[in-house]
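A.B. asks: Each residue of the sequence shown is one higher than the one before, starting from 1 at the first, in the numbering used here.
To be clear, the hints were calculated from the coordinates, so they are not data collected in a lab. Some clues are possibly wrong.
Claimed, not checked - Each computed DSSO-like pair below joins lysine-lysine, with the alpha-carbon atoms no more than 27 Å apart:
#  : residue 1 : residue 2
1  : K63       : K17
2  : K63       : K13
3  : K78       : K13
4  : K63       : K3
5  : K63       : K20
6  : K78       : K3
7  : K63       : K4
8  : K20       : K3
9  : K4        : K17
10 : K13       : K3
11 : K63       : K78
12 : K17       : K3
13 : K20       : K4
14 : K22       : K78
15 : K22       : K4
16 : K4        : K78
17 : K3        : K22
To be verified - Computed spacing ranges between beta-carbons, pair by pair:
#  : residue 1 : residue 2 : range
18 : V26       : E101      : 18 to 26 Å
19 : M2        : E56       : 29 to 37 Å
20 : M2        : E88       : 14 to 22 Å
21 : K78       : R99       : 13 to 21 Å
22 : E111      : K17       : 16 to 24 Å
Idealized CB from N, CA, C, for every residue including glycine.
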Amino acid sequence: MMKKRALIYGNQKCFSKFLKCKFQDVLEFDVRRNFNFLNEELQVYSVVVFVIYEEEDLIDFFKVYGRDIPLVVCAFNKRIIEILIGLESIVLLDTTKIRSEILNQLNFYLEETILNIPLLHSIDYEEVVFRC
1 MMKKRALIYG NQKCFSKFLK CKFQDVLEFD VRRNFNFLNE ELQVYSVVVF
51 VIYEEEDLID FFKVYGRDIP LVVCAFNKRI IEILIGLESI VLLDTTKIRS
101 EILNQLNFYL EETILNIPLL HSIDYEEVVF RC
């Protein structure tokens with residue numbers, strides 16, 4: 001069975017390497033630091049995971065937002081979170097939690113939504129997304 005492809009956007013390698021390592025068994029990952037390459041290539045991905053540290057990263061985010069591809073955002077800047085919290089059609093992970101909890105949230109989302117693996121119990125996505 002062929003793995004679905006995921007794109008990780010992150011200008012720092014640490015968190016993207018961590019995600020890639022944790023989910024490499026279920027997804028094939030590409031990692032990018034900018035979206036200068038973007039054209040039709042985006043359609044090959046089942047999900048795009050944004051790891052946003054600075055406001056400048058929002059420029060690339062808005063190049064992708066609204067293109068009918070699932071977007072997961074992990075933002076480590078309170079101002080950026082305030083900008084993104086009202087947007088529809090994104091999963092905004094709660095970065096106030098420890099890394100293992102963020103990974104669990106992401107795992108539940110990927111399994112149920114991207115990989116179509118039925119879960120034994122239902123997930124309340126209100127608990128997954130960032131809460132102010």
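A.B. asks: Taking the hints in turn, state whether each one holds.
C.D. replies: Do the hints match the structure? See the list:
1. K63 / K17: holds (23 Å)
2. K63 / K13: Distance of about 21 Å is within 27 Å: holds.
3. K78 / K13: holds (21 Å)
4. K63 / K3: holds (25 Å)
5. K63 / K20: With Cα atoms ~23 Å apart, K63 and K20 stay inside 27 Å; holds.
6. K78 / K3: violated (34 Å)
7. K63 / K4: Answer holds: K63 to K4 is near 22 Å, not above 27 Å.
8. K20 / K3: Holds, at about 13 Å.
9. K4 / K17: holds (18 Å)
10. K13 / K3: holds (23 Å)
11. K63 / K78: Holds - the C-alpha atoms of K78 and K63 are around 21 Å apart, at most 27 Å.
12. K17 / K3: Holds, at about 18 Å.
13. K20 / K4: holds (13 Å)
14. K22 / K78: With a Cα-Cα distance of about 26 Å, the restraint between K22 and K78 holds, given a limit of 27 Å.
15. K22 / K4: Cα-Cα ~15 Å, so holds.
16. K4 / K78: violated (31 Å)
17. K3 / K22: Distance ~15 Å between K3 and K22 Cα, so the pair holds.
18. V26 / E101: 18 to 26 Å: Because 19 Å falls inside the window, the suggested range holds.
19. M2 / E56: 29 to 37 Å: Hint holds: Cβ distance 35 Å, inside 29 to 37 Å.
20. M2 / E88: 14 to 22 Å: Given about 30 Å between the Cβ atoms, the range is violated.
21. K78 / R99: 13 to 21 Å: Cβ of K78 to Cβ of R99: about 18 Å, so the range 13 to 21 Å holds.
22. E111 / K17: 16 to 24 Å: With Cβ atoms ~21 Å apart, the hint holds.
Checked against the numbered hints listed earlier, the structure breaks hints 6, 16, 20; every other hint is satisfied.
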